[in-house]
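Those sequence lines, one after another, are chains G and Y.
Numbering-wise (my numbering), the first sequence opens with residue 183 and increments by one.
Numbering-wise (my numbering), the second sequence opens with residue 1083 and increments by one.
If you're looking for bench data, these hints aren't it; they were derived computationally from the structure.
Be aware that one or more of the hints could be misleading.
Derived coverage of chain G by chain Y (criterion: at least 3 residues anywhere in the stretch with Cβ under 8 Å from a Cβ of chain Y; other residues may be distant) [said to hold, decoys possible]: (1) 244-254; (2) 333-339; (3) 391-405.
Across the chosen pairs, the derived CB separations fall in these ranges [unchecked claim]: (4) G1231(Y) - K307(G): 42 to 48 Å; (5) H396(G) - G1231(Y): 32 to 38 Å; (6) K1202(Y) - H396(G): 44 to 50 Å.
Pulled a few chain Y residues facing chain G out of the computed Cβ check, cut under 10 Å [unchecked claim]: (7) R1096; (8) F1160; (9) I1189; (10) Y1191; (11) I1207; (12) P1212; (13) V1250; (14) L1277; (15) R1305; (16) P1306; (17) L1332; (18) L1334; (19) I1375.
Predicted, not measured: the structure shown is a model, and the values here were computed from it.
Positions of the beta carbon are idealized from the N, C-alpha and C atoms, including for glycine.
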Amino acid sequence: MHSEQASWGLRLAAWGGLVFLHFPILVILLYAFNTEESAYSFPLRGFTLEWFAVVAGREDVLQAIILSVKVACLATALAMVLGTLAAAALYRRDFFGKESITLMLILPIALPGIITGIALLSAFKSLGIEPGIFTIVVGHATFCVVIVYNNVIARFRRTSHSLIEASMDLGADGWQTFRYIILPNIATALLAGGMLAFALSFDEIIVTTFTAGHEQTLPLWLLSQLSRPRDVPVTNVVALLVMLATMLPILGAYYLTRGTETVAGGGK
Amino acid sequence: MSAVVASHQSGPLRGLSNLLYRRSTLYLLLLLTPPLLWFGVVYVGSLFALLWQSFYTFDDFTMAVSTDLTLANYAALFNPANYDIILRTLTMAVAVSLASAVLAFPIAYYMARFASPREKAFFYIAVMLPMWASYIVKAYAWTVILAKGGMFYWLIQQLHLEGLLGSVLTIPGVGGNTLSTSHLGRFLVFTYIWLPFMILPIQASLERLPPSLLQASADLGARPRQTFAQVILPLAFPGVVAGSIFTFSLTLGDFIIPQLVGPSGLFIGTMVYVQQGSVGNIPLAAAFTLVPIVLIAIYLSIAKRLGAFDAL
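Excised from the complex, chain Y in its bound form (with noise of 0.2 Å):
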């Protein structure tokens, strides 16, 4: 070994990886040219075209854009009927996050407090598996799942619900048609999608909660439910804030899941599918992938400010 580590003294790579680990600034530069030209040339470059093409004007007769500069584009975003987009996907974003820390929290806390480490393990993997898999093949299920006829109104008919689901389905707001083109079942399918993206984040903050704060609670006298309430509950906040970010931003962004299942009337996402593609109105799209980054960046200033960054 040392013969060969001999006859590399003073080889070219020993001389180049001596002068490299001399002027670590020029090492530090060949390392990230590759990754920073990527990102900044292909994507960050890409992200403000779309930006600049946002100023574009586009002409309703002849449906061609041209590069005339206007701010019509965001005007137009304040019109009564994408101002109603606006307001769907964010308030589908909000009860969904909402729904998600409800049916997340026992999960993490089951995780976090009282599972031995095999069972941990067990429900980390058992998490992150349907976390992970495929997006399309889940919303898939769900659309088989609700179908009309299918498992789920089987259920329904098995417990002589019938009744409740037609009243549910009357709701204005929540119902629809069948429960596959119901807000109901839209938003059923996104809190299913998204709820694994809750449970990790909370359950890391519990798991940072300091078990002595728990017996000080009870040896100060507290009952377990006050020493949820005002122990543990707040000290999990940012986990939830932090897990609500995920819920928040892909239900914003989406596109796929109010395609196929819930009423009609488009999301953000969607809308700016069919302006791109069907209309070929590139720049009202771009305006319109603006609002889930401002709603986002909004949001993130939030959760920063409740500490959900600590608990990433």
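The shape of chain G in the complex, shown without the other chains (with noise of 0.2 Å):
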């Protein structure tokens, strides 16, 4: 499809279209180096650094950062677990009831997340569970278990199931093939989901919104400010470091799951 060139205006609306994806990110980036305490005003007047030492030394940030840390360490955990399982359990096999179960599995991402907060905000207060970390985690593992889902089973629908079965033929028992066959196979497909889902975590504020009740993950501390800005320069860095830890972990998965082709057996 090589064989004709772009025309100018093609090409000029491509990369135009790129520049406007990246511009909102590049002006983060250019604000939190800001000398000016207090506006938004353009152009800027200079550059510092003084307010990422402010940002390390205050409380509520520091606090904010940790919660949403826990919070996404235990959401990606459970994610990573209960995604696998799914996958290993849907990526074979036809049976009754697998079309109703993929469809439950992309629910919660398919919904607005309006819906997945109010709904899980309600049980838990019919059922008299306080809100907190444990309730933000819920919430947050319910959708990104399709995450890993979704990457694992890729990966699983790649491998050659004779693997499996000959390591059965050669007397491996199950663990020994789950430890030296399946896992080896799967693990960057895996830890591709977790880093997905742990920046999917990380960032999420709309079910947060609902089920954290008191406690403020980072995104959540981000949102009040916006209602209040008062802590301009703060804000701007603390945009930084959420930017930051939602796109690195992204770039990490791509680099994971790329080239997946060449997975053993996958020329099968």
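Two independent chains are provided; combine them into the complex using the hints.
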């Protein structure tokens, strides 16, 4: 399909679109180093690193970072277990109800987050469960499972099942087959799914708004800053940190799942 | 290695794995039980509980919810005020989907047809990164850009377009007091945030287009423009519809952007949030959550007919 050249108009529109997609991200990068304390005025007067030091000393920001990391780690761990189990069960066999189970897995990200959030909140309330780190993790894990599931099931489908049969034929037991055959084959996909889930959980705000109670994750902290704009420089720096915390795992996941056609047994 | 294996030959693990291998249904059940419990009980259970609560009664005077069942909450959706909210959200979702499709198409088309493999990989990452990058930070970035005295106003000033912006902002239904409190600003932010969700499905559907079709079209005497309109666009359309599923449903359910950017006047999402939070009217909030679900279900059934699911 490379026989002809793209017209200048198309080239411009395509690259213009990319610039549009990255422009706000660059703005955040720029403003994090802004010397000005109170306004969004442009052009910027000067650049400084001092706000990073201020952020490092802010107790409320640190609390929010710790909570966000805790929640993301727990939700990711849960999602990795549940997602892998679901993928292992669903990748090969057809059985009654398989379609509904698949639908159920994608439902939490297919439906607007506000529905997931309010449904979980009212369920927690009627069960008398106090909102806190536990309820946040439950909410996050629910929509993180599908991310891990998608990654792992794609890899399972590309891994030849005869490898597992060969392992059993050669006398390995179930645990050995899992440890030496299945796990090495799905490892990078599992890790990639985990990284995506971490990024998703770290950034999640809509479901968290409902399930957090008085706890404040980093995105909730940012949102509260937006409704009462003060501490603008601190907000800018935190925004940059959140951006990095979600973008770096995404890049990592991309590199881990790249070129997966060469997985063992994939040629069959 | 063979010694290690032999020692396990008759061990309990071996016996168990043999059993599971032969009784594959039992194995399947063991694998599925934890995720099914989680989703069946925690998630679907909560959804049904929410649906059930939409039939409860809310007393406006005592501000209390009682368990008497009623259809009043659903009737209330058709109050002019509530109906307005639904219509406003729906209009925005359609407008955002259309604009995203227009912006996404050239990027997807260039990626699929003209980019070298290296350039394509670059485009792919460049689209995926902003798609996954923090939602709240992207929304925040736009409040910074659109703020009065901020970047956008500076640019307008440099280009001497204040008059044009002023007159655009006076158009009812489009404008507002300032750019960051206008429908236009809100529309811009929505379009920006969901745009990558449109690019990737269109790119995937263009990717599947056989080059021989385009050659055949050219051989039969069609000009590039004709080939585009009569061959490429119809065959890529399912991809556009697939992308619009995301832009449409994400706009319908969002409640952060309508709070941050744009004029006052509630969206479905903000209404749900306000009703459950500050008012405490969970039944009405629950009834309202059914609106996007129904709208999305209708949209999905249309999309299915247009072949969008084959393009996903």
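Results of checking the hints against the structure:
no.: 1; hint: 244-254; in the structure: violated (count 0)
no.: 2; hint: 333-339; in the structure: violated (count 0)
no.: 3; hint: 391-405; in the structure: holds (count 5)
no.: 4; hint: G1231(Y) - K307(G): 42 to 48 Å; in the structure: holds, 44 Å
no.: 5; hint: H396(G) - G1231(Y): 32 to 38 Å; in the structure: holds, 35 Å
no.: 6; hint: K1202(Y) - H396(G): 44 to 50 Å; in the structure: holds, 47 Å
no.: 7; hint: R1096; in the structure: holds, 4 Å
no.: 8; hint: F1160; in the structure: violated, 20 Å
no.: 9; hint: I1189; in the structure: holds, 4 Å
no.: 10; hint: Y1191; in the structure: holds, 7 Å
no.: 11; hint: I1207; in the structure: holds, 6 Å
no.: 12; hint: P1212; in the structure: holds, 4 Å
no.: 13; hint: V1250; in the structure: violated, 19 Å
no.: 14; hint: L1277; in the structure: holds, 7 Å
no.: 15; hint: R1305; in the structure: violated, 13 Å
no.: 16; hint: P1306; in the structure: holds, 8 Å
no.: 17; hint: L1332; in the structure: holds, 7 Å
no.: 18; hint: L1334; in the structure: holds, 6 Å
no.: 19; hint: I1375; in the structure: holds, 7 Å
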